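Quick mapping for you: the protein sequence lines, in order, are chains W and V. Quick note: the first sequence uses my numbering, first residue 1, plus one each step. Quick note: the second sequence uses my numbering, first residue 1001, plus one each step.
Bear in mind the hints are in silico, worked out from the structure with no lab data behind them. Source: prediction; values computed, not measured.
Computed footprint of chain V on chain W, listed as stretches where at least three residues anywhere in the stretch have a Cβ under 8 angstroms from a Cβ of chain V:
# : segment
1 : 211-221
2 : 425-434
3 : 464-478
No residue lacks a Cβ here, since even glycine has one placed at the ideal position from N, Cα and C.
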Amino acid sequence: MQLNYRNAVNFLILIISMAACWFTANVINPELHYYIRQSAFLTDSLFFQGFTRYPGGLSDYLSEFIAQFFYYKSVGSILIVLVASLQGILAINLIERIAGKVKLNFSFFALILLLSILAQSNYYYPFYASVRLLITSIFVWAFTVLTLKFPRIHLASGFLLATLLFYLAGGAALFVFALSVILIQIRFSKDNMDLLILPLFVAFAGIMLWIAYKYIFLVDKSLVYSIAHSKKPMITSYTPVLFLYALYSLLPAYILIAFIFNKFHKKRKQIYAPDAEKRTVNKITKINVAKASVKSEVIKKTNLEKPKLKILNSSIFLLGSQFAIILLLAVLSLSFMIDIEQRKRLLVSFYGANGDWDNVVKTAESLKEYDLFTNVEYNKALANTGKLSGNLFNYKQLAGSSGLFLDGTVTSDVPFICCDQYYDLGFIYESQHWAFEAQTIFPNSPRLMKRLVQINLVHGKYKLAEKFLQQLDKNMLYHRWVANYQKYIDDTTLVAKDPDFSWKRKCEPIESFTAKKYKEKLSKLLEANPSNKMAFEYLICSNLLDGDLGTFESRISENKIFPMNPLPQCWEEAYILYCYMSRKSPTNKDIKLTKPNIERFNSFVKAITPFGNNWQSARQSLQKEYGATYWYYLKCLSPKVTKVQIKQHKFDD
Amino acid sequence: MIKKIHILTLFLITSLAYSCSSDLSNSASVDHFPWISPDYSDIVIPPNIAPLNFILKEKGQEFLIKIYTNGGSQIIIQNTSGIVDINISRWHELLARAKGKEINIDVFVKKEDGKWYKFKTIVNKVAEEDIDNHLAYRLINIGYVIWSEMGIYQRNLENFDESVIIDNKTIDNTCVNCHSFAKNNPESMMIHVRSTHAGTIIYTNGGLRKINTKTKYTLSPGGYPSWHPDGKHIAFSVNTISQNFFSKDIQQEVSDAVSDIIVYDVEKNTVTTSPLVSTKARENLPVWSPDGKYLYFTSAPPVTDYESQYKAKYELMRIPFDVDKNVWGKVDTVISTKKFGKSITFPKISPDGKYLMFTASNHGYFTIHHPDADLYLLDLQTGKYELMDINSKQTESYHCWSSSGRWFVFSSKRMDGLFTRPYFSYFDKDGKASKPFVLPQKDPEFYNSFLKNYNIPELITGAVEASKFDIRDLIHTDAKPVKLDATVDTLYMKQHLAKPDK
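Make the full structure from the sequences, and use the hints.
Given below as structure tokens:
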């Protein structure tokens, strides 16, 4: 029976672990964690040294090592679940050592797993918090084993383990450990003398934190006391939430439950206790080992004689209840915690960073709420696929021309996107400028190292390109990329032969200039290379989004890059509007406006007439039919009409 | 037993030396110097510097390097990596014997044909005079507007020990900068803290305090500092700084809309200024003469338009100032821009008062991003100045004299054009500087992977003894406001600050 019940529990644990893996891989997606944190694990000693200088640093080092594999979502999800599962298994083992079988193993395991996954549902969650907790669990487990096996030295070992743990995993870990040790000590105390040591232990832990902060480690207070210490830069900031505190409280809470359980079920405990523990427990409770063995045999026999069916039913009922409750909790909490919209916004950014333009467009269009960063990424994706002039208004351009570039206010969340955007445009110096801004936040980011390699190859600064390539090569996952680009260093003539690099070399503005507005930068790019189609498209779109149809018309008419006939959809719509408002025909004879679009415009004019200037009413009525047209944008969505202040990103400060 | 071990060791070393020398005696000569990185050839070495570890960039299967003095002891390193990691105690023994003489480096390379090749001997001189044994600097990423991690560190130049003075991770990632010392003395130090926890940390007479140097009648908190030789006064510029970004090699241009000069009295906690150094023009980067009688500074015309702000040329000025009596003299022009044609920044006077080293660039004063920035030397006795031989095609910018005046350190981007590294040079009695060499590191390939800049290298005569924990804790406290000296013409200053162009 015991075997069957245990098998059932193990089976369920396996099932929920697999489910957690699936969920983590497909819903949470560790790739997004990797993307947000720009994880870099370098194999050099300098990198390692940085982690040795503060309490918890070595756990962080380990966590960086593990987190680099979040690059692969399947491996990442397995690792996330594995770290949580190890905690669960340790907790189960710990409780069994303290209280014997409590038949709540499944719940103990599942709760840890659930809270770990919940913590991971926040993409700014630092994974080191989980690793630190795992190390804490190992230490608590080790202390318990030492207590049972070597009762004479266990207190000394407690002090030693506390000190070591504090250095390995930080103050929060020490707090959890101290609490657990106190409970374990109370549980196994032989006499009151054992309890007297506890205040000393509490004082020791408290003083250790204070001394460490004041005299040993030159760190911020939060680095000593908090679960998560990433306050700045804002883009990676994380504030511990209730779930994380709950996760950190689980281990002492389990021990407390086991302790209480033990108090009320002493007999059962005696029956279960494995040999080694049984001896110790019996010693502690001063029960003769031999007597206990005999007694346990008697009780076992008695147990066997109990009606099997009754026990089976009650066990299955208990397990089933646990499963049902956990399932309910999981469904409720996960559905509450997972912010699908936020995930989609992140996905847009992630796809954008990886040049997966189709998915950028698809995901952005599926978003319910407007987001400025998504808007910029969406436009970037269109620009990279040559569809900016055709599909611009498939996304609500609520920010107007501010939705094209973000290089206004410099905050920690804009450098990467600006860096990529200007690189795509061929403005390599500007891209480099943003790359270095980003590097202050993510000094070893592989994404950044790659970009700096490319930038320096375009600039012909091969020594610098090699430097960044060498830095990137210290990451385990980028050797292939490095080998691929090393050939440009080994034979620098290959750079000019590379179509992308050679094109970018033709795009760089020649003269030195300073420009605060992106439009000036685009104009300079076009001066340097009039065939820079992307720069031209962006410039035209900025005119459209500003409602500056006069400039738009003259630029279009004089352009030599795009064919005049047919014009891209958005341009033609704007041109029709221009002709309508100015009562002029196209100045350039090559421009031919198509009949369906003219007719559609006429019907739009008729449709808006009843609304007068009430754009709020017009917006809803016309959206279905004309939502993706320039006319609709100009009359219903443009910030000049709506006067809407676009909500700044949460990290702007 | 110990004696036996010693004999055995001696025997092994002798055998090794013999076996090597027997192989090397037939080595072929190569008619050029070996390629070593960093370049530690043809330089003057401080007799107390840490081992100049380097890596051989020559191709070969095996390498043997002999470092020796003529008629003295030698260090032999033989390996297949080409990395020359010199034993620190043996290196110092060698330097002690070579003081005032030369040390030679013989490089032998065993090539694929199995033969040993000997390159031309590298000859370096060892100076008689020690270099100040510590270097203080800020380590910072390249970023221009955004910053995250930075710190002020000190490096023991006699070995490879680096310790932290203040790390901004401990103070909410706020900006720390402009560390400065009185006459290279680590016991008189100041550090600015910007943004969160703003203030200026002053360390004198073993005590730390935090002050706020901004007053109602001065432009801003103290900026670029210079300690008076008495260790009781600090001259500061006060600046309204902005940044522009450019599309080419000078990516960032830091410029001032307005700037003046103030003097802070450390003991009285007062600030003074004068209409003579708080004019419409942009007075900046003050520096005291070693006798403490003159305040040298740079000055640029007032801003009239956007371009005049960052394209301005600064000239070199000086004004007598009696710190005890708080009396200002008349402003003199030392180097005129019209004559020189370049913009002057970071004037620094040698401790003997004979020379003034400065950085010159085509425009502006924040020259770390200017590839055209070079070091110049002004002979204060003759008034003649010239471009120094130590310059490279890349940026040379901030610099600092040693307490003896025989050494100086300067920032240079010569290694790769991007990252700033500290270089040292010997300055002889005739005013000639030796070929510079980079700050030695334990790992000779350190600079290939180190992605931070060494900012404001300052030579100091010992380690800063102020507790890093005390500095951290002090930064978390409120700054004590300074008082305006009663002699300051507040009416003038009020009008001066109220003007639209100020």
